[in-house]
Structure formats: C-alpha cells, structure tokens
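A.B. asks: Each chain is listed here by its residues.
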Amino acid sequence: MDFLHSMAAVSAEELLSSAALVLLLWAAWGGDKAARAISVAAFAVLVAAAALALPALTAGAGGKAALAFDGHLKMDAFAAFAKLLIYLGAGVTLVIAPPFFDRFKAMRAEFPLLILLAALGMGIMVSANDMLTLYIGLELNSLAAYVLAALLRADGRSAEAGLKYFVLGSLASGMLLYGISLTYGFTGTTSFDGIRAVLGTGPLSVGATFGLVFVLIGLGFKISAAPMHMWTPDVYEGAPAPVTAFFATAPKVAALALLMRVCLDAFGGQVFAWKQIVICASLLSILWGAFGAIGQDNIKRLLAYSSINNVGFMLIGLAAGTAAGASAMLVYLAIYVVSSVAAFVIVLQLRDANGDAVESIADMAGLSRTRPGLAAGLAIVMFSLAGIPPLFGFWGKFLVFQAAVQAHMVVLAGLGIAASVIGAFYYLKVVKVLYFDEATDKVQGPGEFANTVLLVASSLFLSPLGYLLTRWLGALAGTAAASLFRFG
Amino acid sequence: MTSFPILSLMLLVPLVGAVISLMSGRETARMVALCATLIDLALGIVLWAHYDIGGAQWQFQEHADLFAGFSWKLGIDGIALMLIALTVFLMPICIGASWTAIEKRAGEYYAAFLFMETLMIGVFTAQDLFLFYIMFEAGLIPMYLIIGIWGGAERIYASYKFFLYTLLGSVLMLIAMFWMVNEAGTTDIPTLMQYDFPVQAQTWLFLAFFASFAVKMPMWPVHTWLPDAHVQAPTAGSVILAGVLLKMGGYGFIRFSLPMFPVASAHFAPMVWGLSIAAVVITSLIALVQNDMKKLIAYSSVAHMAIVTVGLFAFNRQGLEGSMVVMLSHGLVAGALFLAVGVIYDRLHTREIARYGGLAINMPYYALFFLLFTMASIGLPGTSGFVGEFLSLLGIYQQSSLIALISTTGIILGAAYMLYLYRRVVFGVQVHADTAAMPDLDAREWAMMVPLAVAVLWMGVYPETFMAPMRKDIGTLEARVAIAKPRGDADVKTVSRKAAATAAVALGAARVGGVK
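Keeping their order, the protein sequence lines are chains A and B.
Oh and the first sequence: position 363 is 346 in the numbering used here, straight run, nothing missing.
Oh and the second sequence: position 438 is 459 in the numbering used here, straight run, nothing missing.
Next comes chain A alone, as it looks inside the complex:
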C-alpha cells in the first residue's frame, strides 16, 4: 500500500526514466539519423511528465501525505512548481537545439537523452527530502550537464567548457558531500525532517555549522552565486548556445529550489545560522554580476554575469526566510526562466551571412534597423532583466524586495536595490548598441520559425501584459511556498 502510494507519487520520474531508457535503445539502433525523431519523442515525454507533475501543484500537496519512499522524496506543490519550470526549460532546449546542431552536423541522438536524464535528475533534486537523495539527483543532473557542455567535440571552446565545468563541478560536489557527512556526523541522520528535529532552534554546534557551510558552498556553486561563480562565464561562453540556454534555465531552477528546501526545511530552525551567509552571497552576486558584466563584449558572457546578478536578487528572497520570500523567489524564477529563454532564442538568431554565430555585442550595432523585431525583443529582455517597469522583470524584483522589507531587512533591500542601478548600466549598453549606433549589417538571414514563435511568446510574457498574470502566478507560487513550510 505504502509502496504503491510512493510509486504513484513519483509517476513523472518513472515516466522520464523509462522513456529515457527506451529512447536510448532507439538511439543505439537508429543512430544520429534518428536524432530529430528522438527529440520530438523526448519533447512529448516532457509534456506528459509536466502533466503528471501538475496535480500536486493544483492540489497544494504538502506535509506527510506528500512523502514517498520512507521520506526520501517529498512530492509536494513546491517540487511540482519547480519541476514545471524545469520541464519548460528542458522542452525549450529540445525545440531550439536541432537547427543549431544541424549546422555543425553534430545533432547527436544522445542530446535529447541527456536532456531527459538531466531533467530527471533535477526532478529528484527538487523533491529530495534526504541528503542522499539530494546528492543522487544532483549528480545525475551534473553528469548529464558536463557531457552537454562538451557536446560540440570539434570546438575547442566547447571541450574546454565541459572540462572546466566537470573539474569545478566535481570540486563543488566534493564539498557538498563533505558538508553532508559532517551534518550526518553531528546529527546522526541524513533526512531533512530528522536534521530539523535534531538541530531544533537552539545554538548550532561547531561541527553542524561546518556541515551547513560546506553544503551551502556546494549548492552556491550550482546556482553560480558569488563567490562560487567563477565557472559560469566560461561555461556559458564555451557551451553550444542551446546548451547554454538549458544551463541558464532548468539547472538554475533546480539548484535554487534545492537550496530553498535545504535552508528552509532541513535547516529551517536555524535561520540565523545561514541567513548571514545567504545575505553575503546575495550582495556579492549582485555586485560581482553587475561590475563583471560592464567590460564584456560577448553576449553569452554578458548573460552569464547577468545570471549571477539575478541569482543575487533571488537570494534576497531566501534571506527573508519567510513564505512570502519563498513565493517571491519562485515568481522571480519563473520570470527569469522566460527571460533567459527569450535571450537565448535571440542569441541563436544572431547569425552572419555564412550562418556563423554573431556573439560580439559590437557586431549587433544598429540591429534595430536591420532586424527590428529581433532588436525589440532583445531590448525588452534587457530592460526586463534590469527590472525597469513596466516590463515584467520588474515584478520579480518587486516581490523579493517587498518580502525583504516585510521581514524587516530594509538595509539589505536598500543596498540590493541601489546595486541594481549598477546592473542597469550594462543592460542599457546593449540597448544603446542596438538602437543608437550606426548599423553594421553583420546580422543576416531569416530566423527559424520555432524560434520566432518562442520569441514572440516570451516577449509578450515579459511585456506589461505579463502583469495580468500576477494573480495566477502569485497564487501558484504561494501554494508552492506554503507547502515548503508545511512540516509533519
């Protein structure tokens, strides 16, 4: 009975893993010729998995009823919200990738499989209710991600990105494991519920503090929060553009959701132990992301710094340590995922007459005259990432700062928002190049149909029309965040 309940609760994961295995066989026999068909099938699997994950969110599942496999997994509304965003990111990657890889004759049958496996790993990450489940999910996702980064084997940058990601990622995983082992050593359990019960709300022992710090460092690497962000610009620049789009969306959601779960659930009684770490990481990320981006000329590197910057803002929501803060973070994540999708769809469309990628910002000069639609889309993304109203990106920042002020962290909110002005500078720089500079006519050629559809849809979402969704999005994120605070 209990086992059946557990099996039913993880139906989305079952579907993903069995589909991945079946498609693996297809790939083994069909070879790279079948890559496109496998992509389509993988996309369909993701849609189905999303449909399976959705009921937990709408039902507001949480508490004991959501536990599966003796409390190793917690299939609550929070996990479902994160999973939907993860599947969205993965699905978009599957749509935008084939035309890109076809140009290099590098569309491999492994690609959709790796995406599926990564999505599976991320699904486990966000529903983890035990340190070991957490680690398994994280590694399943990471191993797939290392391979994805190096997918363009012939390209030195791609190989370098994969290697860097792997070496640094392994280091971070090591630290995470070390932290988990210390936590286990000083609490005697790996289960989140157990850790919370043992630690209570009293003072934290030195050993457990070390455990917490190492766990946070390991997770900080995954969300690319400063000062654990070093890998991000290189990997973003080197990895193939669709893969970068994937990295900017799904794994970011998964790692942030995981961080929220660890901080608010396992260490939920010890808010003051991690709050200062999160605040430091948040302000450092905002500043580092903002200053680092100013000198960048490569659009992918710029977006990498922008993602560091945005993670900093999301951490402000976490630092608030309240349900409102968690809900704000989830809304921010949702908007950020759409912004990233729009940004990378545009990056994919930026090609010169030979079809080679145009990545230098200087080469986009005057794009508003040669490709007005594309330029308008990029301008919307930039203003939205900068958090300038009336674009929808403002709403995410609005909510996290509101949550911080409600939690009486006015100084943090003030510092963070003042630092956002520095960030605005480089977003403005891109708009300046697009709109004010003389045209260079570097960017040529028509856009892909699927990309255009995605771009229009995401631009509309980021436009002021997005505000009409605030009630709906807020309600979903509120349900998800509430389930995070429902223990026992």
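Since the hints were derived computationally from the structure, they do not count as laboratory data.
Check each hint, because a few of them may be wrong.
[What the hints assert, rightly or not] Here are the simulated lysine-lysine pairs, BS3-like style, with alpha carbons at most 27 Å apart:
1. A:LYS88 with A:LYS16
2. B:LYS506 with B:LYS493
3. B:LYS125 with A:LYS425
4. B:LYS125 with B:LYS316
5. A:LYS425 with A:LYS88
6. A:LYS147 with A:LYS88
7. A:LYS425 with A:LYS412
8. B:LYS316 with A:LYS412
9. A:LYS412 with B:LYS125
10. B:LYS182 with B:LYS125
11. B:LYS182 with A:LYS412
12. B:LYS182 with B:LYS316
[Said to hold, decoys possible] Label pairs and their in silico Cβ distance ranges:
13. B:GLY90 with A:LEU7: 40 to 48 Å
14. A:ASP53 with B:LEU33: 53 to 61 Å
15. B:LEU33 with A:GLY278: 37 to 45 Å
16. A:PRO82 with B:ALA458: 58 to 66 Å
17. A:THR423 with B:ALA70: 47 to 55 Å
Every residue, glycine too, gets a C-beta built ideally from N, C-alpha and C.
Guided by the hints, dock chain B onto chain A, whose structure is given.
C.D. replies: For chain B alone, coordinates are given in the frame of chain A:
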C-alpha cells in the same frame, strides 16, 4: 460622478496610437500620433468640463482588481486635473514640433511619444502607490530612447546620465513604499495621505522620496542631468521634458512628501529652502554665461523649479497655490521657449547664440512670440509667470524673509539672462547672411505658437480658471500640514504659549497614531 471610465480611456488612446505608429511609416505615424493626442486633448476638455469644482476630493474614480499586490485604481483631484490638462495640451504641440524635424525612424519616434503620454497621464491619475511607481519609472524607457536615438551629438552620454540618475533616485523610493505599505496595510494613496506614520520613520521615508523627487524636479545639486538631457534631446523631447516630466517631482512632493510625512517635511524644510536658494542663485548665474540657447533655458528651468520647492515648503496656501501655478506656467513657458529655439534650430541647425542676431528684421512674428514667452519666463505681470512666482514668494515671505529675499533675486537674474538672450538672438545687426535669409513662421508653427501664447496670457490675466479646481485640494493639504507647520520668522510675537502647546499635542498624537 460618471461611471464611464474616462481616465482609462485617456490612457488607452495614446497606447493604441503607439502600437499603430510603431508598425507604420512616417506619414501614417505622424497622422496617427496627431489624431491620438488630439483625441486625448478632447477627452481632457471633457474631463475638465465634468470636473465638479468644490465637489468630492477624488473624482472619476475607477477600480479594478487586475493584479496581485496592487490594483488598477485611478482617480483625480484638482491638482492632478490641472497637470493632466497641461499634458494633453502640450502633446499635440510636441507632435507638431516633430512634424518635419523627425525624418529617421519616425514610427518608433511617435510611438515613444505616445507611450510617454500614457505614462505621464498615468502618473497623475494613479491612486495606487505601486501603480504610481510603475508609471513613474516606466517613463525612463521611452525618454532614454528619444534622447538616445533622435538627440544631438552628445546624445549617448546624455541618455545614460538621464536614465541612471533618475533610476538611482527612484529605487530608494520603492523601498520606502514597501515599508509604508507594510506599516499602513494598504496601497491606496488617498488612505495613505491620511495615515500618520511614526515620526522617526517619517524622516527616513521623507529622505527616500526626496531622493527621487529631488532628482526629477531637479533640485540643485542633483540637477546636472537636466542640461545634458535638454540640450541633446530633440525639440519635442525638450518640450515634454521641461513641460511635464519635471512636474512629476513637484507633483510627488504635493501628493506624497507633504501630506504623508508632514512632520519630516517641516523638519527638512530649511534644507529644501537652502538647496532652493542655492539653485536660484547658482543656476541663474550659470544661465547668464551660456552660449547654447537650450542650455540657457535648461538652467533657467532649474531656477524656476527651485521657486516651486520654496513655495511648496512654505506650508501655507499662498506658497502651495503659487507653486502649482509656477509649475503650470513653467510647463507652458519653458515648453514654448524650447519650441521657439526649435523653430530657428530647424532652419539653421545650430543652437549657438552667436550664430543668430537681428531676427526681428526677417522674422518679426517670431520675434513677437519669442518676446512674449521671454517676458512670461521673467515673470512680467500679465503673463502666467508673474502669478505663480508672486504667490510663491509671498508664501515663503511669511516663513522667512531672508529666504524670500534671496529667492527673489531669481527674478532679477532671470530678467538678466532672458533679456540678454533675447537681445543677442533677436536684436542687433544681421551679421550672418544665412541667418538673415531665414523665413518667418509658417502655418504649422503659427498653429503651435498661438495656443501657447493664449494660454500664457489667460493664466496671467485670469488665473482663477486654473486655481479654482485646485483650491479645495490645496486647502485640504494646508490643513494636513498645519500640525507640523514650522513657525515663521514673522510671527515671533503672535505665537502664544497656548498655540505652541496645541502643536506639541498634535505632534504627540501623530506619534502615538503612528506607533499603533
């Protein structure tokens, strides 16, 4: 009064126009823009005609729960009505000023202007704190594009400066707004205007709002974005910047700082006066030595807006009413002066004063209008400039004769730089052949100048038309700030012990009310 959502319609018309002109060519776009702004002007007239003077404080209220966290809530009082009237009046003139001057990317240009109009009206009509903030901030994007794409040689530097300066000013206000909403439990502006915030908190809240409005206003020493933005913006951009955008700062003080934080406003009034008189003297002197016509008028704007802040922080009816009239008058006059500069700039493509001279000979009608607006800027009785400045200075005189004395030098210096400008441009001998060959105003320019001239004279001769709708609201505001009103240097003897005790009790009540 009426259930017809006229305010939403006024917001929607330019927005729809913006979308249409974005997708069309130059000829269509400018027609669409003209029609949209004229429709809004007509709606504005209807609005004014149906405004019940002396009736309810908030009229034409609309409310729709469209969003989480804030709502679509509109409504106006007399003060907002006047500023909306100013906006819708200036917009068709801006479109007219761009009619032939804008050749490249006209569709985007008119779209930016129409979008701007929506946001400006939105600022003045919003009755929800966060809706106000969104409208207030959103104006940065179209203005950034207008300066950056269609501006002069140094446009990129100016556009950055404009954007980042005003953004930095505004974001702190947002944090203050969060705090206020958290404290008061509502985002409704009329309710917040009645709410007594704790006295200590008022200080911080006031400073956060001040950071935003002082930059927008702009007050010395954070005015430095304005000359750059003005000089580099196209003519219509300067008109709308001077005419309406600067008024958002003053509107902010009237709508937020004074009624919501009266105690802190009184506390900081000497600081505001100090900055204002510094601005009056310094920027007037700077204006005196400018070689660039637009820069001169930009600096004169800073000086005029300083008269506004002096009047606002006089805490009495004359000061408040005077400030509002200065704002309206400056909107018309500075707009008209930028337009006058634009007229000759379109002919000679330079703003350098030395390149002109003797225009009275070949452009007599132009010289006439320019003279009228110059005189209005100086504050000659009979023009709109006089009414407001006189009232403002009268208001501040009741508080501090010294501040009034120094502020009044602004009028003298204003006469100096404006007359000096006029002499160099319009009088004198015609040195340059190309300047002498410039034709006088054409029909389009007549159509823009005449309404402005009529409005300037009307406001100068019969200001009651413009002051009547605001009277009740100014009275409400005056009553609201009365509890904290600082004692003027003129009524040393008249203030009795009893009055002082009453004030202390009122302060204490405000404190207790805020704490709970």
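A.B. asks: A range of 37 to 45 Å was offered for this pair. Does it hold for the Cβ distance of LEU33 (chain B) and GLY278 (chain A)?
C.D. replies: 43 Å, holds
A.B. asks: Are LYS316 (chain B) and LYS412 (chain A) close enough, with their CA atoms no more than 27 Å apart?
C.D. replies: Distance of about 26 Å is within 27 Å: holds.
A.B. asks: Measuring from beta carbon to beta carbon, are THR423 (chain A) and ALA70 (chain B) in 47 to 55 Å?
C.D. replies: Holds - the Cβ-Cβ distance for THR423 (chain A) and ALA70 (chain B), about 53 Å, lies within 47 to 55 Å.
A.B. asks: Is the Cα-Cα distance between LYS182 (chain B) and LYS412 (chain A) 27 Å or less?
C.D. replies: 12 Å, holds
A.B. asks: Against the range 53 to 61 Å, how does the distance between the Cβ atoms of ASP53 (chain A) and LEU33 (chain B) compare: consistent or not?
C.D. replies: 58 Å, holds
A.B. asks: Just to be careful, I want the Cα atoms of LYS182 (chain B) and LYS125 (chain B) compared with a cutoff of 27 Å; is the pair within it?
C.D. replies: Since the Cα atoms of LYS182 (chain B) and LYS125 (chain B) sit roughly 24 Å apart, the hinted pair holds (cutoff 27 Å).
A.B. asks: Verify the proposed pairing of LYS147 (chain A) with LYS88 (chain A), using a straight-line Cα cut of 27 Å.
C.D. replies: 24 Å, holds
A.B. asks: For a C-alpha distance cap of 27 Å, please report whether LYS425 (chain A) and LYS88 (chain A) respect it.
C.D. replies: 24 Å, holds
A.B. asks: Under the criterion that the straight-line Cα-Cα distance not exceed 27 Å, is the pair LYS425 (chain A), LYS412 (chain A) satisfied?
C.D. replies: Judged against 27 Å, a Cα distance of about 18 Å means the pair holds.
A.B. asks: Are LYS88 (chain A) and LYS16 (chain A) close enough, with their CA atoms no more than 27 Å apart?
C.D. replies: Within the cut-off at roughly 11 Å; holds.
A.B. asks: Starting from the range 40 to 48 Å, see whether the pair GLY90 (chain B) and LEU7 (chain A) falls in it by beta-carbon distance.
C.D. replies: At roughly 46 Å between Cβ atoms, LEU7 (chain A) and GLY90 (chain B) fall inside 40 to 48 Å, so the hint holds.
A.B. asks: Is LYS412 (chain A) close enough to LYS125 (chain B), meaning Cα to Cα at most 27 Å?
C.D. replies: Roughly 22 Å between the alpha carbons, so the hint for LYS412 (chain A) and LYS125 (chain B) holds.
Checked against the numbered hints given earlier, this structure breaks none of them.
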